[in-house]
Amino acid sequence: MTVLTMPSRSTGAEPPHVPWRGMLWVTWRQHRGVLISVPAAFVVAVTGMLIAGLKIHHDYATVLACRPAASAACQALSMGFHKDWHVANGIRIVMLAAPVLLAMLAGPPVLARDLEHGTYRWAWTQGIGRVRWTLGKLALLGSVVTIAALLVTPLFTWLFGPFFSTQDLTLLDWAVFATHGTVYAAWMLTAFCLGAFFGALIRRIIPAMAVTLAVFVVLAGVTWFCVRTFSPVTAFWPMQVFESAWLVVLSALLVAGTIRLTQVTR
Amino acid sequence: MSVLTLPAQPAQATAPAPVPWQRMLWVTWRQHRAMLIGLTSVLAAVAVFLLIAGLDVHHAYTALTACRPVNSNACAALNTHFNDAYWPMGNTVDIFMNLTPVLIGMFTGPAVLARELETGTFRYAWTQGIGRVRWTIAKLTLLAVVITILAWAFSQLFDWFFDPIMDFEAMSIVASKGVFDTRGIDFAAWTLVAFAIGACLGMLIRRIIPAMAATLGVYLGLDLLSWLVLREDYPVAIDTTDANLFNGPSTPSSPWVLRTWTVGHTNWWRYIPASRFWPMQFIESGWLLVLAIALIAATVWLVRRRAA
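The listed protein sequences correspond, in order, to chains R and U.
The first sequence begins at 931 in the working numbering and counts up by one.
The second sequence begins at 173 in the working numbering and counts up by one.
Isolated chain R, as found in the complex (with noise of 0.2 Å):
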């Protein structure tokens, strides 16, 4: 009897590394309500901002240009303007209440969903292994919503300029403040990756959506009142970069926990 005998081949053995990109898809079939929800509020928001923000600026200008300017006629213009604050005081408040329901709404089901109905098992013995799929999910979803976010501050700014004189505000205020520059964005990003942290720790969709509604608010209100009053900066881009870093740190460490999470759920 012969025996045919062939060197191992050592190369084509491994199987070809699936691509990041397949994530692309996966992420859109499986999230379709966070990406078509998140940029349809986005072209509401910026349309809206933009109809509201060209009315201020029109009607802010009016009432500078009104001469003389204590007369009947020109206090009945700045009552009008009153109007104008309320609106931009309404769009501010609802850009506030954003990252809220972006906490809540949008970040536990990206995992606790498979968690909670047992699709994981099927999710995350996919060719591209559960380390990735998480990873590629997160990258996407967070990047979507922080861009959205960092897109609409300059332009909220711009609706908001004239109401500093009118309305006596600085740029400390923290309402204000939350509002401009790069934080609203960080918080966003907090938001998002808050909720999908407590998905993946409590794996049920409704109490993670709870808990991560409280710790935010917990975490919002421990901001407003404790670290920025002892914040070690007291200029307002100074403290933007100082709550920006911080916040974009605790949710590099969010995900690095969600992260370890999907490693050790059996």
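These are calculated hints, taken from the structure and not from any lab test.
All of these numbers come straight from a predicted model, not from anything done at the bench.
Misleading hints may appear alongside valid ones.
[What the hints assert, rightly or not] List of simulated lysine-lysine pairs, DSSO-like, C-alpha gap at most 30 Å:
#, chain 1, residue 1, chain 2, residue 2
1, R, Lys985, R, Lys1013
2, U, Lys349, R, Lys1013
3, R, Lys985, U, Lys349
[Stated by the list, open to error] Just some of the chain R residues that point at chain U, by a computed CB distance under 10 Å:
#, residue
4, Leu980
5, Leu1035
6, Ala1036
7, Arg1043
8, Glu1046
9, His1047
10, Ala1105
11, Val1106
12, Ala1108
13, Leu1143
[To be verified] Coverage of chain U stretches by chain R, computed from C-beta distances (three or more under 8 Å per stretch; other residues unrestricted):
#, stretch
14, 372–383
15, 435–449
Note that beta-carbon positions come from the ideal geometry of N, C-alpha and C, so glycine has one too.
Given chain R's structure and the hints, the job is docking chain U onto it.
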């Protein structure tokens, strides 16, 4: 071969007896334990905070009102201290109280029906002996009653907590939305409506998270509608030419001026006096209750006509 025949027994009813309603008590508890326990614990935790903070606020306010002589520096300092210490906290809690009905509605409403529809377990639940219509009616009514009672109790505690701050800031009980919505029976009525909206949208949309988002949107729309439009048209307003009613200092019993107009040389005011607080509460809670019942009826009708 002998054949045994017996007359048919007519008294043996072939239709099974209807399953008694009280079975649904156990089923509702079993399925929604987590939600009910979670809601109660969160409200209880906040209630403990309100109790402790409320004792503090009441103590400080009693000291403030008992301060003599009234215009001295010491009393003015007490005044400023009360404002700085308690107004930001009180205002924040008040804002959260105004958001609480919709939060409760979001977390409890869609979970009742949308979860069963999303996971497909409705095929099992609705084919139980009690039948899908009675199942839904019993569940929704039980949960609605429990949630409304919890909300009412919670709002009473908040009212006690907020009383000194309301007096201090002279917030009118009819004019201030933040005060009117959290007093009396209004808070419980809004929570009930939020739950009913959530349940109905959960049945319509059939997915929990979109239903939660939609509940938020619909509730906010309804809230704005009632605040900006409907409240001014409740049949409790009075028209008067008496200007002296509006010249006194602001107190919680101040009237709410809706609008003013001039006829010839006389000025007219349309206002709601603080004495009409309870009629306003009953009117608003009344239409909210009718709306909630209508929504629950609509939900039951949707359950009935859905092909399994």
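A quick look at each hint next to the structure:
| no. | hint | in the structure |
| --- | --- | --- |
| 1 | R:Lys985 with R:Lys1013 | holds (11 Å) |
| 2 | U:Lys349 with R:Lys1013 | holds (19 Å) |
| 3 | R:Lys985 with U:Lys349 | holds (28 Å) |
| 4 | Leu980 | violated (22 Å) |
| 5 | Leu1035 | holds (6 Å) |
| 6 | Ala1036 | holds (9 Å) |
| 7 | Arg1043 | holds (9 Å) |
| 8 | Glu1046 | holds (9 Å) |
| 9 | His1047 | holds (7 Å) |
| 10 | Ala1105 | violated (12 Å) |
| 11 | Val1106 | violated (16 Å) |
| 12 | Ala1108 | violated (15 Å) |
| 13 | Leu1143 | holds (8 Å) |
| 14 | 372–383 | holds (count 3) |
| 15 | 435–449 | violated (count 0) |
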